[in-house]
Amino acid sequence: SQKIEQNSEALNIQEGKTATLTCNYTNYSPAYLQWYRQDPGRGPVFLLLIRENEKEKRKERLKVTFDTTLKQSLFHITASQPADSATYLCALETDSWGKLQFGAGTQVVVTP
Amino acid sequence: DGGITQSPKYLFRKEGQNVTLSCEQNLNHDAMYWYRQDPGQGLRLIYYSQIVNDFQKGDIAEGYSVSREKKESFPLTVTSAQKNPTAFYLCASSTRKPHTGELFFGEGSRLTVL
Chain Y
1 SQKIEQNSEA
11 LNIQEGKTAT
21 LTCNYTNYSP
31 AYLQWYRQDP
41 GRGPVFLLLI
51 RENEKEKRKE
61 RLKVTFDTTL
71 KQSLFHITAS
81 QPADSATYLC
91 ALETDSWGKL
101 QFGAGTQVVV
111 TP
Chain L
1 DGGITQSPKY
11 LFRKEGQNVT
21 LSCEQNLNHD
31 AMYWYRQDPG
41 QGLRLIYYSQ
51 IVNDFQKGDI
61 AEGYSVSREK
71 KESFPLTVTS
81 AQKNPTAFYL
91 CASSTRKPHT
101 GELFFGEGSR
111 LTVL
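Residue numbers (our numbering), protein chains in the order written: chain Y, 1 to 112; chain L, 1 to 114.
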């Protein structure tokens, strides 16, 4: 069956350090992968999209990699700040019209 | 400002009652989606619509119904047939272009069955 796995344990990190989150998938061949941020009680907010032919994508302090051989994406938050504390979701395309399958998310807690 | 509006934010229902969650968007998006989120689980797709007057079942459609009579609106009805309806419901929309599917989400509706 198709599966998307993200670290279920919260990631506790000190301000200024780099947070690295993992998204692994099986039985998919997505053309692209997305990352979202979700704050408690709010809807997810889109952060980054990376296509299968792109190895790496950056946006400000965020960096995403996509390894279709390993079936894995890594999401990095550099120089982390307490305001980065949230749950981060990865999502994979399941059809060409944008229907997405989401992972359960990883909570990040950045302490001063 | 363009966006997606969900209402109500909080809703309480007695067992056996149907409830309808509203979702309106002014982004001029063709595609709209309903997801359900439970603690510790990923978002699960209930229904989606790629165009007016057309919609498809997602992964967990049983006990739910939708309509898409207008481009801007995609209401979700949680029927009494839904066995465990207490959850956080999220509506989303996107442009209907292949492989560009960034989703724009509403703020969610939290349904509690008493």
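Any given hint might turn out to be false.
[What the hints assert, rightly or not] Straight line, CA to CA, 30 Å or less: simulated DSBU-like cross-link-like pairs of lysine-lysine:
1. Y:K3 to Y:K57
2. L:K57 to L:K71
3. Y:K3 to L:K70
4. L:K9 to Y:K71
5. Y:K3 to Y:K55
6. L:K9 to L:K70
7. Y:K3 to L:K83
8. L:K83 to L:K57
9. L:K57 to L:K9
[What the hints assert, rightly or not] Derived contacts from chain L toward chain Y, CB cut-off under 10 Å, selection only:
10. Y35
11. D59
12. G63
13. K71
14. T77
15. T79
16. S80
17. F88
18. L90
19. L114
Since the hints were made in silico from the structure, they are not lab data. Keep in mind it's a predicted model, so treat the numbers as computed, not measured. All C-beta atoms, glycine included, are put in the ideal place defined by N, C-alpha and C.
For each hint, the structure was consulted:
{"no.": "1", "hint": "Y:K3 to Y:K57", "verdict": "23 Å, holds"}
{"no.": "2", "hint": "L:K57 to L:K71", "verdict": "18 Å, holds"}
{"no.": "3", "hint": "Y:K3 to L:K70", "verdict": "34 Å, violated"}
{"no.": "4", "hint": "L:K9 to Y:K71", "verdict": "37 Å, violated"}
{"no.": "5", "hint": "Y:K3 to Y:K55", "verdict": "22 Å, holds"}
{"no.": "6", "hint": "L:K9 to L:K70", "verdict": "22 Å, holds"}
{"no.": "7", "hint": "Y:K3 to L:K83", "verdict": "24 Å, holds"}
{"no.": "8", "hint": "L:K83 to L:K57", "verdict": "17 Å, holds"}
{"no.": "9", "hint": "L:K57 to L:K9", "verdict": "24 Å, holds"}
{"no.": "10", "hint": "Y35", "verdict": "8 Å, holds"}
{"no.": "11", "hint": "D59", "verdict": "8 Å, holds"}
{"no.": "12", "hint": "G63", "verdict": "20 Å, violated"}
{"no.": "13", "hint": "K71", "verdict": "16 Å, violated"}
{"no.": "14", "hint": "T77", "verdict": "20 Å, violated"}
{"no.": "15", "hint": "T79", "verdict": "23 Å, violated"}
{"no.": "16", "hint": "S80", "verdict": "26 Å, violated"}
{"no.": "17", "hint": "F88", "verdict": "8 Å, holds"}
{"no.": "18", "hint": "L90", "verdict": "5 Å, holds"}
{"no.": "19", "hint": "L114", "verdict": "20 Å, violated"}
Consistency note: the structure conflicts with the earlier hints numbered 3, 4, 12, 13, 14, 15, 16 and 19.
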